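**Q** One-letter residues, chain by chain:
Number of protein chains: 4
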Amino acid sequence: MSLGSQNLKAFYSAMDEILSFLKDLKEKLSNSEVDKMIGMLLEAWGWGKIVLVVGAGRSGLVGRAFAMRLMHLGFRTYVVGETITPAIGPNDVLVAISGSGSTAIVVTAAEAAKKVGAKVIAITSFRDSPLAKIADHVVVVPGRTKTAVEQDYFSRQILGIHEPLAPLGTLFELGTAVFLDSIVAELMYRLGKSEIEMKYRHAVIE
Amino acid sequence: MSLGSQNLKAFYSAMDEILSFLKDLKEKLSNSEVDKMIGMLLEAWGWGKIVLVVGAGRSGLVGRAFAMRLMHLGFRTYVVGETITPAIGPNDVLVAISGSGSTAIVVTAAEAAKKVGAKVIAITSFRDSPLAKIADHVVVVPGRTKTAVEQDYFSRQILGIHEPLAPLGTLFELGTAVFLDSIVAELMYRLGKSEIEMKYRHAVIE
Amino acid sequence: MSLGSQNLKAFYSAMDEILSFLKDLKEKLSNSEVDKMIGMLLEAWGWGKIVLVVGAGRSGLVGRAFAMRLMHLGFRTYVVGETITPAIGPNDVLVAISGSGSTAIVVTAAEAAKKVGAKVIAITSFRDSPLAKIADHVVVVPGRTKTAVEQDYFSRQILGIHEPLAPLGTLFELGTAVFLDSIVAELMYRLGKSEIEMKYRHAVIE
Amino acid sequence: MSLGSQNLKAFYSAMDEILSFLKDLKEKLSNSEVDKMIGMLLEAWGWGKIVLVVGAGRSGLVGRAFAMRLMHLGFRTYVVGETITPAIGPNDVLVAISGSGSTAIVVTAAEAAKKVGAKVIAITSFRDSPLAKIADHVVVVPGRTKTAVEQDYFSRQILGIHEPLAPLGTLFELGTAVFLDSIVAELMYRLGKSEIEMKYRHAVIE
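Chains as they are written, first to last, in the working numbering: chain B, 1 to 206; chain E, 1001 to 1206; chain F, 2001 to 2206; chain V, 3001 to 3206.
Calculated from the structure, these hints are not laboratory results. Predicted model, so just to flag it, every value in this text is computed and none were measured. Note that the Cβ used here is the ideal one computed from N, Cα and C, for glycine as well. Any given hint might turn out to be false.
Claimed, not checked - Listed below are the simulated DSBU-like cross-link pairs for lysine-lysine, each with C-alpha atoms no more than 30 Å apart in a straight line:
1. E/K1023 to F/K2023
2. F/K2009 to E/K1009
3. E/K1036 to E/K1009
Said to hold, decoys possible - Residues of chain F clear of chain E, computed beta-carbon distances all greater than 10 Å:
4. D2016
5. L2025
6. G2048
7. M2068
8. G2089
9. K2115
10. R2127
11. A2177
12. S2182
13. E2186
Said to hold, decoys possible - Pulled from the structure, derived: some chain E residues nowhere near chain V, Cβ distances all over 10 Å:
14. L1070
15. M1071
16. Y1078
17. T1083
18. G1192
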């Protein structure tokens, strides 16, 4: 193994693959799926409902980045697994992120949310996945995630038994990151800057 | 509701109850259970095995405080749910903390650990609990936690659907904190200061 | 180094030392300091102000356990460093926990809180520490934490450069845990169970 | 404010802007800067040195996603702020991520790392920033982050006093995410799949 300078072939190939994937993302997203998700989020905002975000591993990190922005916009938003995450109830919204749609911790969260009357938005690559079937609304974000009959995936996940290498998950995660940041832009636009600031001040300083 | 100065009756009552509980703790712990746990941890240390810690809610925080000390002592230790938690395997050790012994996320972690050949140390108030039954070794730490036929406890936990108030869990959590810090003292003693420092430098600076 | 069964001498000595320390804690706490802290928290509750908690290392874990209980009681509470922690402002309350009172991340947080008009409650062993000097109110919780001319403590802390072993910090951390759980009991008593539930439902389900 | 269906104008504009930015990223990255960073990481891998990652807010989340992959590749990697992050020392590597290069928590971490003899890789948009000046090596990732004479940015950050809305930071964060995932691909290639697996097993199961 040489550690010396090389031509970065794999580096540029990966970047090309990622960019090419993201470029296609726009066409592959369903306008009506996106629109309905935005409507559900705005409704939660309007009624002061909670938007709770859940995801495992890197999908969880993408979810947290989204939650940060929602908080900036004045949403009552929380992340599953953090210290002060409150109970949710009827008409609160769970944004559940899982490429395979079968990550057990995410599916379990979605089931629990349904039981208490909350609404579930699934962000996944597979419309037939367990997560998608439970959800009130599905936004399909492509990726080359395997459908994964991963019976005990959750067990492995919570023990940190990751796949040795899962570069294919990368496309779903980056695609979802770009998708959710675009959602934030639309939310900003629809809420209106002045309203946002008002809400922001209201939420923060009172 | 008066916000003015009062006699702090509930404050002192709670403190008395906690201290009285902790005082009894020493007699209620089984010498042989504690001794075996220490032996298992030292064995993991000696063989460079991982000690993985898991707990939900406040029990999870107590577990993290323990993991910090293990790390200082040169253990290869990780906490379920953090970013860089690696896979575990045969003869690694899972320290699973749950007062009721039925917290689903902890039970699931224990099951998964058993599957890959890791050893499970359960710290719980209930010797008959699901967690205790799975474990290779149980240390009973009393507390007034209910046995809790909490069918969907996990679902509620991961959604942040906490009990409105669970002051009874407090005794288990504080008792476990005191218990685990005493374990740390014994580990320090047995490993010996100089060995610890050696190991510490080795692990950290190389 | 023998890994075999031993008499657990260090284990029981440490437990005795901890329990003896905690027993004295009650006498060493100032009634008026505790009372004023409770008053400030209730005032924040009453006005819907944020209670933000900060601490480094194990003190941070103790702070999170406190925040969880405050959340159960219907407080608007957050922990520094988590994803959705919002901005604070005038008359919000920062609970800053540091045995030495000189942990840089905690002192910096306290300074920033003062700038925006928030009130700072310091929980520390040292009335003359930088943290105590900044604070609006100090509750002294004893411990054998050193005064620590820890110029660059923060730098070391954020890089994970912990003390190799700091069992002395343990007493402050456990004492603060018992102290804060007793505060929770008093808050429950003063707010009244029914009010709590009302507030709880209100905050969570609406 | 209408919550009804709309044409998602802002959504698609934002997505276009992000994709256009990412497309240019490839040309804007310096081949030699990237190559040197990869060399430093491989050297850390080869010598069993720690790769510690630090970033604030969303940059911190991007850093964690990178750390997860490094862990999969068999690196000894940790994230500043998590429970079991160990001390670092001479020739360990700190990957410090900050668009502005002046985020106080990141700069402080970099200073501390330099003191103990660790090497600092700065990922920032500004070659003249405080972070870049401290670093042993700088990789410039563009973004429209302001240079930000943010004297007390850190104070604000640790208190959760975020900018009300910082969509400009988004480009740096997404660009860095794509950049770091491409780094991972190159590391995989250079280490070789079989070596990776060997190392992985070694690190995890032993």
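**Q** Under the criterion that the straight-line Cα-Cα distance not exceed 30 Å, is the pair E/K1036, E/K1009 satisfied?
**A** Cα-Cα ~41 Å, so violated.
**Q** Hey, is F/L2025 genuinely clear of chain E, shortest beta carbon separation above 10 Å?
**A** 8 Å, violated
**Q** For E/G1192, is the shortest beta carbon distance to chain V beyond 10 Å?
**A** 20 Å, holds
**Q** Would the pair F/K2009 and E/K1009 pass a check requiring their Cα atoms to be no farther apart than 30 Å?
**A** Not OK: F/K2009 and E/K1009 at ~37 Å, beyond 30 Å, violated.
**Q** When you look at the beta carbon of E/Y1078, is every beta carbon of chain V farther off than 10 Å?
**A** Contrary to the label, E/Y1078 does not stay out of reach of chain V, its closest Cβ about 6 Å off (not over 10 Å).
**Q** What's the verdict on E/K1023 and F/K2023, does the C-alpha distance respect the 30 Å limit or exceed it?
**A** Within the cut-off at roughly 9 Å; holds.
**Q** Mind verifying the non-interface call on F/G2089? Its CB should be farther than 10 Å from each CB in chain E.
**A** 21 Å, holds
**Q** Once the closest CB in chain E is found, is it more than 10 Å from F/G2048?
**A** 14 Å, holds
**Q** Non-interface claim for F/K2115: all C-beta distances to chain E beyond 10 Å?
**A** At roughly 26 Å from the nearest Cβ of chain E, F/K2115 sits farther out than 10 Å, so the non-interface label holds.
**Q** Quick one: work out the minimum CB distance from F/R2127 to chain E and report holds if it exceeds 10 Å, violated otherwise.
**A** It holds; F/R2127 is separated from chain E by about 21 Å at its closest Cβ, greater than 10 Å.
**Q** Taking C-beta pairs only, is E/M1071 more than 10 Å away from all of chain V?
**A** The claim breaks: E/M1071 does not keep its Cβ more than 10 Å from every Cβ of chain V (closest is about 5 Å).
**Q** Should the label of F/S2182 as a non-interface residue stand, given a Cβ cut-off of 10 Å to chain E?
**A** At roughly 4 Å from the nearest Cβ of chain E, F/S2182 sits no farther out than 10 Å, so the non-interface label is violated.
In this structure, the hints that do not hold are numbers 2, 3, 4, 5, 7, 11, 12, 13, 14, 15, 16, 17, in rising order.
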